[in-house]
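Visitor: Given next are the chains, with one letter for each unit.
Protein chains: 2
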Amino acid sequence: MIITVSREFGSGGRELGKRLSEALGIPCYDNEIIEMIAKEHGFDEQYVSHLSEKSIRAAYPFTISRRFAVMPDYVTKQTVKIAVEQRKMIEGLASQGDCIIIGRCADIILREYHPFNLFVYADTEAKLRRCIERASENEHFTHDEIKRKMREVDKNRARQRDFYTDTKWGAKENYHLCIDTSGKEIKMLIPAISEYIKCWFGCDEQKVFI
Amino acid sequence: MIITVSREFGSGGRELGKRLSEALGIPCYDNEIIEMIAKEHGFDEQYVSHLSEKSIRAAYPFTISRRFAVMPDYVTKQTVKIAVEQRKMIEGLASQGDCIIIGRCADIILREYHPFNLFVYADTEAKLRRCIERASENEHFTHDEIKRKMREVDKNRARQRDFYTDTKWGAKENYHLCIDTSGKEIKMLIPAISEYIKCWFGCDEQKVFI
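Protein chains in written order, with the working numbering: chain P, 143 to 352; chain C, 143 to 352.
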């Protein structure tokens with residue numbers, strides 16, 4: 143039971159993944175992946191996190207020359223290294239057993255594991271509300287600043303996916319279930335979602351030759 | 143609890159709606175709407191069904207001159223009549239109480255009832271399989287013919303929606319839940335979906351002024 147959660151920034155996808163993990167009793171990996179890479183290679187976590195945002199683009203040689211030509215050589219090398227490590231880490235986690243992986247193109251990386259791919263989204267007002275409610279005391283952004291951030295983060299996620307596959311980030315046909323969390327308490331929806339996933343893994347249609 | 147089910151041709155949306163209706167104990171309307179209109183107005187069902195496919199386009203005067211200029215006047219009049227009747231019928235059914243309505247742009251027509259809008263889809267192979275399995279003994283279509291039919295029906299559904307709204311048919315942001323039925327036994331998924339819908343209607347977030 144490998145589950146991947148892709149999500150729009152501010153839609154509550156991370157919360158949904160974490161709560162699903164508790165309900166199903168299986169581990170959930172999000173920033174933990176960054177922490178593990180940092181620990182294993184003696185890097186600073188923030189540094190890994192920063193590079194990992196560019197990492198997927200850099201993980202393939204043909205993109206390096208095109209996109210990273212102006213970057214200092216040592217940054218490029220580290221970025222590629224982290225991308226490769228992230229991919230290996232995700233594959234390693236999946237091979238250990240049931241788990242949930244949030245973001246990081248895990249739906250594509252783990253294709254051969256036939257994961258259940260979830261996409262979480264919400265309308266702009268709901269995402270704005272969520273971002274404001276969850277901001278720390280020191281964060282004071284205007285609505286426009288938050289909206290810009292939303293667009294930037296989601297654009298980057300879509301772009302990262304581009305390097306793995308031609309299929310589009312957020313297009314429903316690339317996911318098994320798409321959930322709109324607008325105005326809803328995520329924790330209340332968890333029992334039904336976890337029930338759905340358990341059924342999904344156990345209800346393959348008998349295939350008839352066509 | 144008003145539920146609308148939009149679906150790709152061959153994805154099993156109708157089966158899902160009917161089974162959901164049994165699970166939730168509320169009525170489900172699909173072709174019944176055509177039957178009711180035919181009965182009320184003394185029309186032949188097939189005639190109503192045929193016209194209703196064009197009906198939404200014709201329901202608004204501004205579209206008539208543009209799109210129906212070459213149609214005989216009596217056909218145009220009947221088409222508009224049936225479109226208006228269908229709309230009234232859908233509103234009437236919703237005003238009577240909890241129900242499920244399949245297709246017919248009910249998600250748009252019933253906007254003010256704040257329905258739960260479901261979209262059902264599947265990959266082409268799964269839809270093809272479903273069409274073949276469900277064909278009657280007298281129906282012998284090639285795979286290409288079925289695929290053409292799929293494209294035509296879905297294109298028509300998308301076009302009908304165009305006349306009510308600018309939002310796109312099948313785009314996840316216009317639905318609360320999108321379900322991929324590819325290779326799955328729909329009946330096995332019903333308990334979790336009905337549970338999800340019940341929770342959805344009962345878990346509005348407390349709104350904080352932003």
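It is worth saying that the hints were derived from the structure and are not from the lab. Glycine included, C-beta positions come from ideal geometry on N, C-alpha and C. Take these hints with a grain of salt, some might be off.
To be verified - Computed Cβ-Cβ distance ranges for the label pairs, DEER-style: (1) C:E164 <-> P:H183: 25 to 35 angstroms; (2) P:T307 <-> C:K297: 21 to 31 angstroms; (3) C:Y255 <-> P:M330: 14 to 24 angstroms; (4) P:A165 <-> C:D186: 21 to 31 angstroms; (5) C:G167 <-> P:V226: 18 to 28 angstroms; (6) P:K289 <-> C:A277: 44 to 54 angstroms; (7) P:G184 <-> C:K297: 25 to 35 angstroms; (8) P:Q188 <-> C:T266: 29 to 39 angstroms.
Visitor: Against each hint, give a clear statement of whether it holds in the structure.
Guide: Status of the hints after comparison with the structure:
1. Here the CB-CB span from C:E164 to P:H183 is close to 56 angstroms, at odds with the stated 25 to 35 angstroms.
2. For P:T307 and C:K297, the hinted distance range of 21 to 31 angstroms is satisfied, since their beta carbons lie about 26 angstroms from each other.
3. Separation of C:Y255 from P:M330 is about 21 angstroms and conforms to the stated range, judged on CB atoms against 14 to 24 angstroms.
4. Taking the beta carbon of each, P:A165 and C:D186 are about 52 angstroms apart, not inside 21 to 31 angstroms as hinted.
5. Range check, C:G167 to P:V226: about 54 angstroms between beta-carbon atoms, so the 18 to 28 angstroms window is missed.
6. Checking the proposed 44 to 54 angstroms range against P:K289 and C:A277 shows it holds: the Cβ atoms sit about 49 angstroms from each other.
7. For P:G184 and C:K297, the Cβ-Cβ distance of about 57 angstroms falls outside the hinted range of 25 to 35 angstroms, so the restraint is violated.
8. The hinted window of 29 to 39 angstroms between P:Q188 and C:T266 is violated, with their beta carbons roughly 45 angstroms apart.
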